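Trainee: Residues per chain are reported as follows:
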Amino acid sequence: MTAIAWLDRPYLLLLGHGLAVTIVLAAVCVTLALALGFALALAGRHRWGLPLTHAYTAAFRNTPLLLQLFFWYFGAMALLPEAARVWLNSPHALWPTPETLAATLGLTLYTAAYFAEDIRAGLRGVPAGQWEAALAIGLRPAQAFRFVVLPQALRISAPALIGQIMNAVKNSSLTMAIGMAELSYTSRQVESATFKTFQAFGFATLGYVLLIVLIETGWQIWRRQRPVWTR
Amino acid sequence: MDALSSWDVIKNNLPWLLWGAWPDGPLGGLALTVVLAAGSALGSAVLGLALGILLAVLRGVPRHALLGTLAFLRAIPVLMLIFWVYFLLPICLHIDVPGVWSVMCALTLISAAYLAHAVYAGIEGISKGQWEAALATGLTHWQTLRLVILPQALRMMAPSFINQWVTLIKDTSLAYIVGVGELAMVTAQVSNRVMIYPAQLFLFAGVLYFALCQGVTWAGNRVAKTAWQS
Numbered sequence: 001m002t003a004i005a006w007l008d009r010p011y012l013l014l015l016g017h018g019l020a021v022t023i024v025l026a027a028v029c030v031t032l033a034l035a036l037g038f039a040l041a042l043a044g045r046h047r048w049g050l051p052l053t054h055a056y057t058a059a060f061r062n063t064p065l066l067l068q069l070f071f072w073y074f075g076a077m078a079l080l081p082e083a084a085r086v087w088l089n090s091p092h093a094l095w096p097t098p099e100t101l102a103a104t105l106g107l108t109l110y111t112a113a114y115f116a117e118d119i120r121a122g123l124r125g126v127p128a129g130q131w132e133a134a135l136a137i138g139l140r141p142a143q144a145f146r147f148v149v150l151p152q153a154l155r156i157s158a159p160a161l162i163g164q165i166m167n168a169v170k171n172s173s174l175t176m177a178i179g180m181a182e183l184s185y186t187s188r189q190v191e192s193a194t195f196k197t198f199q200a201f202g203f204a205t206l207g208y209v210l211l212i213v214l215i216e217t218g219w220q221i222w223r224r225q226r227p228v229w230t231r
Numbered sequence: 001m002d003a004l005s006s007w008d009v010i011k012n013n014l015p016w017l018l019w020g021a022w023p024d025g026p027l028g029g030l031a032l033t034v035v036l037a038a039g040s041a042l043g044s045a046v047l048g049l050a051l052g053i054l055l056a057v058l059r060g061v062p063r064h065a066l067l068g069t070l071a072f073l074r075a076i077p078v079l080m081l082i083f084w085v086y087f088l089l090p091i092c093l094h095i096d097v098p099g100v101w102s103v104m105c106a107l108t109l110i111s112a113a114y115l116a117h118a119v120y121a122g123i124e125g126i127s128k129g130q131w132e133a134a135l136a137t138g139l140t141h142w143q144t145l146r147l148v149i150l151p152q153a154l155r156m157m158a159p160s161f162i163n164q165w166v167t168l169i170k171d172t173s174l175a176y177i178v179g180v181g182e183l184a185m186v187t188a189q190v191s192n193r194v195m196i197y198p199a200q201l202f203l204f205a206g207v208l209y210f211a212l213c214q215g216v217t218w219a220g221n222r223v224a225k226t227a228w229q230s
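Read top to bottom, the protein sequences are chains Z and H.
Residues 1 to 231 (full-length UniProt numbering) make up the first sequence, in order.
Residues 1 to 230 (full-length UniProt numbering) make up the second sequence, in order.
Hints in this document: simulated from the structure, not taken from any laboratory.
Being a predicted model, the structure only gives us computed values, none of them experimental.
The beta-carbon is built from N, C-alpha and C at its ideal position, and this holds for glycine as well.
There's no promise every hint is true.
Said to hold, decoys possible - Here are the simulated distance ranges between beta carbons:
#, chain 1, residue 1, chain 2, residue 2, range
1, H, THR226, Z, ASN89, 51 to 57 angstroms
2, H, THR226, Z, LEU210, 53 to 59 angstroms
3, Z, PHE147, H, LEU4, 55 to 61 angstroms
4, H, LYS128, Z, PHE195, 53 to 59 angstroms
5, Z, ALA39, H, TRP101, 40 to 46 angstroms
6, Z, ALA58, H, TRP228, 22 to 28 angstroms
Take these sequences, add in the hints, and give me the full structure.
Mentor: Structure, rendered in structure tokens:
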């Protein structure tokens, strides 16, 4: 009955660690990508910034994330000066490994392109009358944006943003290709060490499903707690 | 010895990047990427349409079972599904399944799960009056769906299908994980072999993917526009 026996403790710990890496990686990348995506969306409202935002989103959305990760890990590293490369590849206190750096950079830049589009769509969805009315009652443009336009825009983009956050969690699995020891990577490790394929892949699969369900549940609870008129 | 320029490296490896070892060996590179994407696009269009129609006609427990399955497929990373299919398909079919087929199968499943909801939304978006009018003229339910509802619904689904094709092209790169020599894989291979200009090589592959995705978007929008102008 060894075929259906559950995994030994060290393997479970390894998988648990992988799950933790996935959570931290996704959380960090989503936070950074939200900031960058917001900046890109704001730049897109400007005459000079619009082509830049368009070029960014087109480039990052029309090429595979895997290739982008390869580029940051194998390619960009080679473009750095020798001294910087040696420094990056040698261990430092509190400084991430090259794999972590490339994975974070790659996933952040990719996710930001999608966030930017969704936030932009939200900003466009606020009727122009809202701006005009806010300015007419004496708000400065910055205040009108902060207190009138932005809250409505975020409400419009929220469902799409939640979907992109889920995508970021799932996309973090691709970082295994550059050696990031996250959930998919460790499940493959455990699989080849124990040949308990069902258990190893099953753990990882359930881990992802759990994370997605948690995000969905959190979003639904948060949505219901808001007053009706803001939904 | 003259130093090789980055362009020389790309030029020397161009056939390998574009079509792999073909015709002397298996197809690879950009050509395999196109084959993988086209195959799973076709498969997922058929399956997605069928599942979308099922979502619209099923009621009760079967419908919930289908919704649950679709939600599950949408919740797991494509990579995990490729692992599962690559591992389970040979066990279920009792034959050796090449990586290319596993990947195509996984991409078809996941893509169909996304398209099913678009198809369902498209069908639901057609007003009840259309159903009633068509049934009143004596068409059967199936004829109404095929001749009246779907032609109108497909028009609304066009953007979803085009989006999904772009996603598919990008997702073919995941075939790398089971050792299928498509564009991302052969680019990494060449980069490892020549040990020079990795950034330029990956940029070149990026340009190829970009052209492919933009081409599909452009062509898809064009076809969708002309097909419904009359």
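Trainee: Against each hint, give a clear statement of whether it holds in the structure.
Mentor: Hint-by-hint comparison with the structure:
Roughly 54 angstroms separates the CB atoms of THR226/H and ASN89/Z, a value that falls within the hinted 51 to 57 angstroms. Hint check: THR226/H to LEU210/Z, Cβ distance near 46 angstroms, so the stated range 53 to 59 angstroms is violated. For PHE147/Z and LEU4/H, the hinted distance range of 55 to 61 angstroms is satisfied, since their beta carbons lie about 59 angstroms from each other. Checked against the given bound of 53 to 59 angstroms, the beta carbons of LYS128/H and PHE195/Z, roughly 55 angstroms apart, stay inside it.
Evaluation of the 40 to 46 angstroms hint for ALA39/Z and TRP101/H yields a pass: the beta carbon distance comes to about 43 angstroms. Restraint check, ALA58/Z to TRP228/H: a C-beta distance of roughly 26 angstroms satisfies the suggested window 22 to 28 angstroms.
Of the numbered hints listed earlier, the single one contradicted by the structure is hint 2.
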